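Each protein sequence line maps, in turn, to chains A and B.
The first sequence lines up with residues 1 to 929 when you count with our numbering.
The second sequence lines up with residues 1 to 255 when you count with our numbering.
Hints were generated in silico from the structure; no laboratory data involved.
Predicted model only: the values in this text are computed from it and were never measured.
Note that CB positions come from ideal geometry on N, CA and C, so glycine has one too.
Among the clues, some could well be false.
[To be verified] Computed footprint of chain A on chain B, listed as stretches where at least three residues anywhere in the stretch have a Cβ under 8 angstroms from a Cβ of chain A:
#1 118 to 127
#2 139 to 147
[Unchecked claim] Calculated from the model, a selection of chain A residues having no Cβ within reach of chain B, i.e. all distances over 10 angstroms:
#3 D79
#4 S91
#5 A685
#6 R692
#7 A764
#8 P808
#9 L914
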Amino acid sequence: MNAVQRFIRSRVLLLTASILIAAMCLSVLVQGQSQAALNRTVDQNSRGLYDILVQAKAGDNGGLMQPDIATGQGGISFDQLDSLRKLSGTSVAAPISLVSRVTQNLESPRLDATDYLGFNAGLVGTAGDPSATDPAKWPAAESVLSDSPKNYRLTASAVSSDGQSDHTLFKTMAEGSLGKARLIEEQVQGGKNVRIAGPKGETGVKFPAPAGGSEHSLFNLSVSLPLAPQVTESVVAVDPVAERALLGPAGDFLAPLEKAPPADARNASAIGRHFESLFTTGLSMDELKEGPDFLGVKLKYWAPLMSQYQQAKRAGQLTENSQAIPLIVRSGTSLDLEYSVKIEEIDDSGNVVKDVGTVTRSLDKDYLPFVSKSPFALAWPGSKDLAQLLGDTGGFSQGLYNPATWSTDFASAPKYQDGGTAGNGAVDKSATPGDWVTVNRLPEKAPNGAPVDQTQRKPVDERAYREDLETGQKLATPLAMVYGTFDAEQVKDVAGDVNRLPLGGYDPTPFTLTKDAAGKEVGNTELKPSLSATGLASQSAGAITDYYGLAAARGYEDNASVIDAVRVRAKVPGSWKEAQPEVEKLADGIRDMGLQATIVAGSAREDASIFVPGYSKDDAGKESPLGTVQQSWVRQDAADAVSGSLTGTNLTLLFLTLIGAALLTGASTVSYVRKRRSEAGTLRAMGWTQGRIRSWVLAEFGVGAALLAVAGIVLSLLSWNPATAIVSASVLVLYAGAAFFAAQQLRHRDVVDQEPQHDERLIAVDSPLTFANRQLSTNKFNTVSLAVAVGVFAAAVGGMVALLIDIPRAAGASALSGLAAASITLPSIILGLSGVAVGLLLTMVTGRFELQAKRQYLGTLQAMGWNPDMLGQVRFFENAMVGTVALPVGVLGALGVGLLLAPYASIWAAVAGLVAVLCWIPIATKVVR
Amino acid sequence: MNNDLNLDREAHERMTASTRRGGHQTRANTIVKAADHATPLELSNITIHYGGGKGGAEAVNVVDDFDLTLHAGEMHCVAGRSGSGKTSILTVGAGLTLPTSGRVFWEGDSLETMGDDEIADRRRALIGYVDQGGALIDGMSALENVLLPAVPDGEVDKRRDMAKDLLDLVGLGRRMRHRPAQLSGGERQRVAIARALILGTRVLVVDEPTASLDRASANRIISILKDTTSDGIAVLVASHDHELVRQSDTLTELI
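For reference, chain A alone in the conformation it holds in the complex (with noise of 0.2 angstroms):
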């Protein structure tokens, strides 16, 4: 009989080589299927439209960088944009800089009441569009006033809210009386005139200046509310070319401004003047709205500038270096300012008669900055708009309302110091606000001159500004061009989280309230922009113009240095790591010039938690933090390290299945070859020689070796990598050792078992606790050996549940490690239970050799008359007892392994190894059973 023979005739050894065989192909399969949901999921993840942030030579930014939108630090100039084009490397190089923080007052906010008085000789010479309503269908007439007067009070208020708590920017209150309005017909020179007047005896509603009165007109009775609240967006140039190169399809709402007039061609002066001729040679509304072009661009879309040209002329803020900017701006907004006005009925002596009701609007998905008009234009309950009877006449009336305050001031950034370092790396931080700024504020003048009253609208103190860029020029007003809108959230959607961070461009990251400023977990608040203090939290840019905008706000002169950053992309396809050189050679090149290159791609999300002081002041001064806030930041290199990280808790599941298995297979195979000293014995009889009598065992034990060979290079090949070939070259040596440990076993003794006389010291043989004590005793060599092998399978368990439980903690704080660590916790799951069944398995196997003897003395008990609960005991006591000898060896192994391998999950690693332990013992007496 050959070796093979005697190999596959010992079923044993070829279990127990089958199971580590087996153990090996599906550890490795599972571990190859993680790598794989690992590397795609953090490939897919860590490269997105641009590699490398390119910014003035700054501190080193290393780490965990802060999320912004354009800070307006400028430092770039344009021969250096010019630059980094020509690298061989680029493929795009977007550039982007805050243009400024424009102020704008909206328009005045009005109530409207129905108050229509049918169709009248008044309205003939009004209603010249094709598109109004033919007069013999005209409805009748209708008004939610009544007939003769009555007393109203209007309370008007604004509050805006943070998301946390709300804030009342003002609530002023007029009395008066209102009633239906009629129609006079006068008889002037030349002929009839017919004009609207309030009921007789109406005192009408007015607000302090600069708001205006009430007004009856064609088909309302108008209440001009008092101003409504400041509102201060960020502008943004960007070059359009450039920045479609980037954002791709995304990115088409760009287009118009690329075919924005060049700088020479947006001397507001000049264009004003132009259309004035224009509509003093008489304009018909087919001509504005479909033509002829002027400068590439439909008169309709010169419309808001007219606008604004009109109203700066008369403000005197229109000089001759004022130009034009065009915009892109923003769909909708975050900010949550509610303007509403309450009316009640009052009698004579201010008493409440009835509560007509009140009447809200909010900034919503429709505002537009910079265009839209009667944001708050609010309708008397039951009122109607019968105005679209006149037909279609908004054409040219739309767009900007007043015009803007420009100013060069920035953004704010809070500065952050570094707090504790949790286990997974996240950073605890603490903002250091800016100053204080007063804003809000309401004009000196009425736009008719007359004194405002500073009462009606109280101003806020907010954290939202700092130094101003010294240009050493004279700003003049420039007038903004609305050339189209865009979605932040779609272009939130299309950059994506990685480019999103560091540099928001349009899209800063919100802040979520974890906690108040007494410590108290408050739910995740998302912090929304306000009129309150809202320096932490700020909104997408409110439009996005071009870099001769940039000019014409800042007024700088040429290749000056107003670039705050450029996102580069890599001129190389594929997925970050195999972009990863070509983006590392041109981060190089480009710090090189002089320019600190941050690269990007291979960054991550991560929440880093603030502790926000100063957030707000009362009346009396008194500043109050805010409490904790989180924000995602970035976290560079977090796909090298999560990579890292994972592919390592990967591997050491893979080793610790494997070397455990293969320990087992030792243990295992020892015991086997114990049960073989009886054929040993024989064979030396018959006159082999020690050394023949071990090559003759080994030669069985090469066979499995063999076997083992195989099934590492056969998966070495299939899923190369060096950890494939370590681990099976590794189970290999292993499996070797214990054949050579086993055929020592073997080696001929001199003093053939000669056992000692009876001790009497031994403990009597008087229960089944007794028995089996003895049993255990008698067969030391045997029961170390299942005691090791049942301690190294616990060790190996607790090392698996550390390595699990430590999976997120290993992954890292960022929101990529959350998704890698998603991707491979279902395998890691699935190979360490089969790494554990594999080891039960096993230690069974270790465990059966003594089964036949087990057999034999029970059923001498059973003869003896010990009943099966008797026997039952005895199986139990004595995998008790074996489990009790390995519990040391498996909770200070799988404590250990747990301290080299996840020393945070070390505590569990070390329960787990004593519950495996706890486990097997039933386990085995039923086995044994």
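Position chain B against the provided structure of chain A, taking the given hints into account.
Here is chain B on its own, set in the frame of chain A:
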């Protein structure tokens, strides 16, 4: 077929029993000796089949319709060639295995009505079983082996002197601290007999007690067994040792 044991030692009467084994009809000759004792053990219509399961092994009828009534103080020998079913009859009689069919009575009580625990308790009180070769527990001295049956009742200390007496009785008084590995085959067999008697057994079931022993050792074992019957203990012994057959009161020969 019936084995009537109420016959005189000198009046052996050969009775013929038919059994089926592998489809071939065989004969079992039972020499029945007369005795007038109580019946601590009775086997009735015992049939034992092996094999024929899902594994495809050929079914073997080891024992077919076997009856036996064992009286106190009687030594009954079941003789026959190897594989004839001697051990099977003994293990069924000792309640260690169940017959394919038939009934086993211990002092008139059928084992069919007993649970495992009750069988174990009754066996401990009634039957001492001596395995072929005298299976002793390794690692325990001869004395400890003898005391093992007393463990379930917690009477180890109480019966220690009795165990020593029994070991003296079987001629091993000076070997009681030795372990099985240090005893010869005959000595192990004697320890096993002593162990079977420790609880005041009324039936001694002994499987091939003299196999592999020299004549002197075998005679000593036979003598011990014979002596036990004088104390009213019934002995059921399986053997093909002619001397043992000769010395037994009744005999069943399986053929």
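Here's how the hints hold up against the structure:
1. Counting residues of the segment 118 to 127 of chain B whose CB lies closer than 8 angstroms to any CB of chain A gives 6, so the stated coverage by that chain holds, three being the minimum.
2. With 6 residues bearing a CB less than 8 angstroms from a CB of chain A, the segment 139 to 147 of chain B meets the requirement of three and the coverage assertion stands.
3. With 10 angstroms as the threshold on Cβ separation, the claim that D79/A sits away from chain B holds: the shortest Cβ distance comes to roughly 91 angstroms.
4. The Cβ of S91/A lies farther than 10 angstroms from every Cβ of chain B, with a closest approach of about 72 angstroms, so its non-interface assignment holds.
5. Consistency note on A685/A: stated as away from chain B, and its beta-carbon is indeed over 10 angstroms from all of that chain's, at 19 angstroms minimum.
6. Even its closest Cβ contact with chain B, about 28 angstroms, leaves R692/A beyond 10 angstroms, as expected for a residue assigned away from the interface.
7. The claim that A764/A is not at the interface with chain B is violated, since a C-beta of that chain comes within 10 angstroms of its own (minimum 7 angstroms).
8. For P808/A, the non-interface assignment is confirmed: its Cβ lies about 51 angstroms from the closest Cβ of chain B, beyond the 10 angstroms cut-off.
9. Its beta-carbon lying about 30 angstroms from the closest one in chain B, L914/A satisfies the requirement of being farther than 10 angstroms from that chain.
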